[in-house]
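Protein sequence lines, in the order shown, are assigned to chains A and B.
If you read the first sequence in full-length UniProt numbering, its first letter stands for residue 1, the second for the next number, and so on.
If you read the second sequence in full-length UniProt numbering, its first letter stands for residue 1, the second for the next number, and so on.
I should point out that these hints are in silico values taken from the structure, not numbers from a laboratory.
Because the structure is a prediction, the values reported are computed rather than measured.
Any given hint could turn out to be false.
Here are the simulated lysine-lysine pairs, BS3-like style, with alpha carbons at most 30 angstroms apart [claimed, not checked]:
1) A:Lys531 x B:Lys331
2) A:Lys451 x B:Lys315
3) A:Lys241 x A:Lys203
4) A:Lys239 x B:Lys315
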Amino acid sequence: MSGCGFFLRRAAAARACRALVALTASRRPLRTSPHSRGFAKELCLGKIEKNGVFPFPEVSQDELNEINQLVKPVEKFFMEEVDSGRIDREGKIPDDTLEKLKSLGLFGMQVPEEYGGLGLSHTMYARLGEAISLDASITVTLAAHQAIGLKGIILVGTEEQKAKYLPKLASGEHIAAFCLTEPGSGSDAASIQSRATLSEDKKHYILNGSKVWISNGGLASVFTVFARTEVADSDGSVKDKITAFIVERDFGGITNGKPEDKLGIRGSNTCEVHFENTKVPVENVLGEVGGGFKLAMNILNSGRFSMGTLVASMIKKLIEMTAEYACTRKQFNRKLSEFGLIQEKFALMAQKAYVMESMAYLTAGMLDQPGLPDCSVEAAMVKVFSSEAAWQCVSEALQILGGSGYMKDYPYERMLRDARILPIFEGTNEILRLFIALTCLQHAGRILTTKMNELKRGNMGVVMETIGRRLRDSLGQAVDMGLTGDLGLVHPSLGDSATKLEQNVFFFGRTVEALLRRFGKSIVDEQLVLKRVANILINMYGMVAVLSRASRSIRIGLRDHDHEVLLANMFCVEAYFQNLFSLSQLDKDAPENLDKQTKEIAQLILEKRAYICSHPLDKLS
Amino acid sequence: MSCVRARLLARGLLKGWAGLCSADLPGALLSQVSPRLPRAFHCSTTPLASMKSLVPRPREPGKKPGKVPVPHEELFQPTPGGTRDKASFALAVQSFAQHSVRKRGHVDFIYLALRKMPAYGVERDLASYNLLLDIFPKEVFRPRNIFQRIFIHYPRQQECGVAVLEQMENHGVMPNKETEFLLLQIFGRGSHPMLKYVRMRLWLTRFQNINPFPVPRELPQDAVELATLGLRHMEPDLSARVTVYQKPLPDDGTDPVDSVQPHIVGIQSPDQQDALACHNPARPLFVEGPFSLWLRNKCVYYHILRADLLPPEEKKEQEIPEEWNLYHPMKLDLDYARSGWDDYEFDIDEVEEGPVFAICVAGAHDQETLAKWIQGLQETNPALARIPVVFRLAGSTGELLAASGLEDSHQSQHEGQEEDERLQRQQHGQS
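Please put together the full structure from these sequences, using the hints given.
Take a look at the structure:
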């Protein structure tokens, strides 16, 4: 995975190196080891990895100017020319809009400059995404094209493949699609049925199979297709493995079904794609033969972080629209904005937007730093948090608007429908939670196992350290991880929140240790436990992100940084108590933990496949 | 407390004594004895019989009952052209009330009416039971002083009341407030019918839905439908599909055994299909049966297609493929698993059995019919064609005779006769 991350970074290296100063700006390099192991993974050990997180990653002034120049016309275009309501009604993006998008270069945002793209770094891609997110259908079309459709070519494509395909893809002349999902295979790669067989002359693969729910399936002329191939193992046995191919529509045998009628993002094209005896030249194998599985994982993992900025920008717009309404509508001779229950909703929206923005740009900054490990866990956290917050915020906004929010005359119901896809695609949030928790637990498990083995072997150093730690824990010593205090990385006005984060991290580390001791490798099947672990991790990552960002804002004196401090502190307190509750639920035999009952109820219902209880009006005989 | 005990004791004594009477002494003797009892101590001649009134008893051999006309029988004679339904039952009961203003012989009438209820199809109708209870004269049987309360007051009437409730209970009819009101009026609060009522209110609610696999009250008459019901009853998987492999011929709902072509109905779930597809063709399958399954008063016989348990050396551990989940790891790379101290499950010794691949209910239990079933199964399970199938059919020894329906009617006739006999004895006792 990190290998692919390396490719990715090299592709963006030209910009990233001059863009980011974060690495050198770390004032207190506490960790001397050259390899830092990822922020989220270290959280599981009860440690805060400050490298790359504090201070908040920054972009250089040049780059900032450049991106602002880029963003302005795009924003103008979206505000003035894109009619989202029409796109939604007609279920299609008009051709002239697509042409304009192409001319703005939005089809090649992350394609390196030498291939005619914009070659944006992750941070800049995220920033430009904010402008695009004003229309969900276009966002999804563009994301399917470049975040997953052509990403494979950038990540592992050969020079020839890149030279052949990327320029046309970057200009938008060709549109790309990512063909992985099949009728019987969502996240289960083992049930992929599409097959590519090598022809007699070994020059072609014959591709057969059907793919469903392919974004851009009807528009695309270049497909990244995953199919089974026979691969000879090192020991001579033949195995079925997944291989990725670049397939052009001109290869023949490609048909697609009619566009699906969807709840939201109706303007984006989603349809089935069928391959029937499509001849794919062997040069078009993407990456290694049999390496498709890892490539698919990498592509999926790399595209997620940007959802944070997309959603944040949408919420910001939503706040503007609803605030307008709340400040003008009067009930009982008072404006809506004077009611506490309405104010609460605005605070919630602002807080969510602030947190996801911080998380997304922190992750983008970490991704742009050379030499850092892969941030797939962090990206998944951003995706989970932002997609859920999006649904919550849009729903609350609708609530502020009351009846008018429900009407088709206003854009709110469309936004609600569009937001519903976010927790579902790019890996459902449930599955991503498992990914977050399991990846971090795996890391913690490895380190704890070595420690336990050392203990068993009787390594005096480790034994003394463990005993000492237990003693310190039992004495209830205050937790200090270097975030607060005179030399702290966090501004004193956020000191309380930082202490709360430290406490959370400390107890979380202990809890993870206990969980691993208790469940061992069978924790894979304890999904409710894993969900809590993931929730805590997401909350803690959010806390770190807002603390880091707000501290930076104060130090460099950004406008309205006191407002940021308010938001940051509010989120930290909320998250702290949520975490405490989750942690107590993770205790053995905790009264708060209702997992057993939950499972029992669900099992009974699923056995009958219906709601079980009798009707409240039912009587005996 | 002591009062209660005294009452119980007294009741026990009375019962024992009365039981002796009814068992050993002919009715004539009883008739001499009973008038001598004090007015307040009415004693039952058939204390236990009423409890068993609905339980079929074996016929006592060599005892020819004399045909004595049952009183009030004429009320239940079918009117020409009239049907026997709830309204006509109510009419009969009302005509008794009009016919004898003094309610003479009402106990006999109630016993008779109870027996007639199934014929009128009102054995599950609460209103009819209430109507029946309403025949009892009010306030007469209520104890008025402490002694009457200690001993059973008007036991024959009380037992009759209990019999009504008993029949309700057997048919799962829950008494309601009206019943309670009637019983209070008739027998008073501490009486046996009232106790029975209270217990029914308590236990019927708890037992009415105690069967987690309920069988409908009215069973289908059609053999195929009945078989489908039985199969669905046995198969826990709701995705299982019922297939009618062969329709009965002639299809007129007659006895399946007589028909030329017996019905064959089978059930198989998708999981069973998958398991069958993975079955090792070297290991034979067995068709076994017939086994019986009772659905209320009907019995269906079924056969199963099963295999022997795989020996441990042939069991394949399902391994987690390397490239399986695109999103998250499917296993953790750790040395240790869940520790023993965290396991609160009871140590249950589970016996593993071989897999069952399909179940069928057929009209005939011979190999020829069942072979047709296997042929039908092969259409949906191509793998079955390659696997040898061994028929291990037990003889039809365990099976009830097909003429059971006929027998039932005989039985009920006998019961009716016995009931008549018992009734006669009761009347002797009372007179």
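Output the numbers, in ascending order, of every earlier hint that fails for this structure.
Structure breaks hint 2 only.
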